[in-house]
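Position chain B against the provided structure of chain V, taking the given hints into account.
2 protein chains.
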Amino acid sequence: MKQIEKYNVLELKLEDVDETVLTAECAVFEQKEKQVRVSAFRNRNKEYIVRFMPDRAGIWKYHISLAGKEIQGEFECTENTGDNHGRVVVHGYHFRYEDGERFIPFGTTAYAWIHQTEELRRQTIETLGRSPFNKIRMCVFPKSMPYNTNDPDCYPFEKKPDGTWDVFQPDPQFWEKLDQSIEMLMELGIEADLILFHPYDRWGFAELSQEDSLAYLEYCIARLSAYRNLWWSLANEYEMVYAKSIENWEEYGEMILRKDPYGHLRSVHNILDLFPKRRWLTHCSVQSSEIDRIPFWQQEFCLPVLIDECGYEGDLPYSWGSLPAFEMVHRFWQSVCRGGFCTHGETYHREDEVLWWSKGGKLHGQSAQRISFLKEILYSLPGEWQMPRYHGNNPNLDEEDEKAVREEQNFQKILSKTSRRTRENFCAYITPMKIEGEGYTLEYFGHFRPVYLDLKLRKDREYQAEIIDIWEMSRQSAADRLSGNTRVQLPGKEGIALLVTERP
Amino acid sequence: MKQIEKYNVLELKLEDVDETVLTAECAVFEQKEKQVRVSAFRNRNKEYIVRFMPDRAGIWKYHISLAGKEIQGEFECTENTGDNHGRVVVHGYHFRYEDGERFIPFGTTAYAWIHQTEELRRQTIETLGRSPFNKIRMCVFPKSMPYNTNDPDCYPFEKKPDGTWDVFQPDPQFWEKLDQSIEMLMELGIEADLILFHPYDRWGFAELSQEDSLAYLEYCIARLSAYRNLWWSLANEYEMVYAKSIENWEEYGEMILRKDPYGHLRSVHNILDLFPKRRWLTHCSVQSSEIDRIPFWQQEFCLPVLIDECGYEGDLPYSWGSLPAFEMVHRFWQSVCRGGFCTHGETYHREDEVLWWSKGGKLHGQSAQRISFLKEILYSLPGEWQMPRYHGNNPNLDEEDEKAVREEQNFQKILSKTSRRTRENFCAYITPMKIEGEGYTLEYFGHFRPVYLDLKLRKDREYQAEIIDIWEMSRQSAADRLSGNTRVQLPGKEGIALLVTERP
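Sequence lines, in order, name chains V and B.
Counting in this note's numbering, the first sequence runs from 1 upward without gaps.
Counting in this note's numbering, the second sequence runs from 1 upward without gaps.
Only chain V is shown next, with the shape it has when bound in the complex:
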């Protein structure tokens, strides 16, 4: 009997099918009481494919019936091994793999990498393999904007005689390239955060009708859902896709919710305001440089927050593409220590116009290795962390001082009467960037550079403190045996974090 590892792809091909639909919900996979209905998709004329990702070990049976053709069979799903942990799922304000293994997102961005030459694509994959990144933001459609003036070698659809796109005629060359791209990422353990629509277009993809968009989307679902490393990103900068309304986006979200049998992660990336809260959103995919707002978005959406765009390390004359490497690294630390996660991108001007952020290729910057350093630290900690609750209190308040407590109450009264914006800004201003988990706290000072910090530790425990330099990538013991109220000396420079862990 055929064997498939859990979370891998079983692919079944139907040839000489007398049918022309793009997709057809014609396959059933069963194991004990569990039944999964899956769509076939047309790969080329008369050739249909069914893909399935089993999520339970044991014997599965399947039955496919399409245009008079019937296929039945069974296969054995074996336990997952090695780095295969299944889909990424939401876990509180964090993420995990389906099998419980930890997943901390460290994203990067190469919007149009699949639309470049084979040589460049190979280079991108090599670079990713050596990088810390475990998620990549990438578009199905090609990209048109400065530094993106080349045309791709193939497009998702054939054209009609009138020159417009015929979404019912997918070009197999394109889709096989996309399949392979996602598969290569899967082998590297990288999540493909696949952007389904975006505004930077000169070919007409941003202006497909709603009917065509839904057909294309259904095709994506039928073809790509079985890849465990797939995330659905409905849009890059959804507001800028002027041909689409909120209702259009809602229809996409609902369709994916209904038709993707596996429940891959679903988000919408914004340019101005976050996409409104909807039942099918699994996390916030945020464009913003206001990273301090993460805890407020968490509260508002009750979802994990990924800062998927906060500027790119680079030197372009655009505010979005001109961050110093230090600032890129800082924003990762800031995101994490505000309870969220961050995504990288790189835009160094090059005469050949091969900028990582869009075309992939090589990384030329200085942030990636430092993001790797952060990744190692976070994975070395024992599990997920929380933010200390945002209370807007003065963290330096001495609770034994009655007058100070009364004044603090007065201040809270005033704060409660101001606008949300003011409250958020102020709370972020006075609340340390700090996370705490089982037996540890990690506080990051960002651009501030205190020469000391007063800690309030339990008197009946012992702690050790370690000074982390995010740029030098160094870790250095600050104190070995700390207890109660105590002062730790700090180096007084930017980019310092303090990791305090309980001694066993």
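Since the hints were made in silico from the structure, they are not lab data.
Check each hint, because a few of them may be wrong.
The list makes no distinction among identical chains, and a pair is therefore deemed to hold if it is satisfied within one copy or across any two copies.
Straight line, CA to CA, 30 Å or less: simulated DSBU-like cross-link-like pairs of lysine-lysine [unchecked claim]: (1) K403 to K159; (2) K403 to K160; (3) K459 to K434; (4) K459 to K159; (5) K493 to K375; (6) K32 to K362; (7) K160 to K259.
Using the frame of chain V, we list chain B on its own:
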């Protein structure tokens, strides 16, 4: 006949006056059709003083009548000379001296400097004399908070038998010290931005009754208004003075408007939101690190905007006192290139607790000399500048591209529907930090570090471009003869500005 230079102080003393009021509106100064009514103030028992600052050259007559005592006389007011240019007044979104001479505010902060030892006060004055600063934020009342635990040698008032303050019994020792402090600043050409109330108090000054507060205020007006370098700052962090309501503050503002014969500048400094717009406010004295909001506050208040507190250069474990020197300098440039002005402060931890921001003394940081560099550049430019109008347009928009123009219109529609916060953030994000004046533009790139900039200059003029490094304090020619659409190469580092000037 006695001679007094215009904008200097004429002081007249009345002794053995059989009166006990704190102040009395009992003096009239006349020149031609102009008549100025001035109050006498009690300096010590039975001794009253009248101070007057003439603002017109020529012969002035005066008449004082108090408790049966009459004084009459005249003096000649001569033209102002040297660095004496009179009061600072509002001039659009800028400031000027009363006589038309330019004044660009470069403030610093030493809240409690007058409450320190004479030796320390002398040191503060020496430091100021060597500094670029032409305005200082300082409190009448002493200050209580970390690093401010010492008591002053004298207080503004005597105490009542019950231990509370008797505002009707001013302590001459204190007020003469304050007079001298303001006079020493005047000699250095430094504006005394005098903070009348503040919350950081352990002596009871923040909890004076409204009646006592008004008496104290009237005394300040009578005693101090004749100093040309005086600015009225009603409060530091007005919301935190819990004993006072908005109506209380309004009463102070109205009283100063009515009783200060010269119309010195009036502001209120906030902690959360700017004090609401009132007819007696002459400018916005802002606490905020959101410097990008300057143009929006200008629009809202139709007043000049001073970022009087945006954090201090230092290394304390408080977010307000831990800025890197570069960031302090950056915020000055950012403020100016967003159409406003900025104020400095310094909080380096010292075991002796003499931190410039409160006690004065010496400057230990690296920002002051760089603020001086900015000051030289701005004074070398021919007069006031404007911000290019905030339109929220993509500045890279090619107006000959019809599709791009249509999409920009679409985007404006979307932007107009978002919240004020979103609009402001987005406009600030895409609008360059840039000012333009007669024959020049100055663009500052802040933390961004473009390697080139495309300029759209007039084709019928010639321009030269200079690269300014705000940290290295260097100015370097980038190009000598520029015209039309042209590209300028930039160094690709943080803290760079480009000054483009029209060739004669």
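The hints, checked one at a time:
1. K403 to K159: Between copies only: 22 Å across chains, 75 Å inside a chain, cut-off 30 Å.
2. K403 to K160: between (77 Å within a copy, 23 Å between copies)
3. K459 to K434: Answer is within: at 21 Å inside a copy they meet the 30 Å cutoff, but 54 Å across does not.
4. K459 to K159: neither (73 Å within a copy, 44 Å between copies)
5. K493 to K375: both (22 Å within a copy, 27 Å between copies)
6. K32 to K362: neither (48 Å within a copy, 80 Å between copies)
7. K160 to K259: Cα proximity of K160 and K259: one copy only (28 Å, versus 81 Å across).
The structure does not agree with the numbered hints 4, 6 stated previously, though it agrees with the rest.
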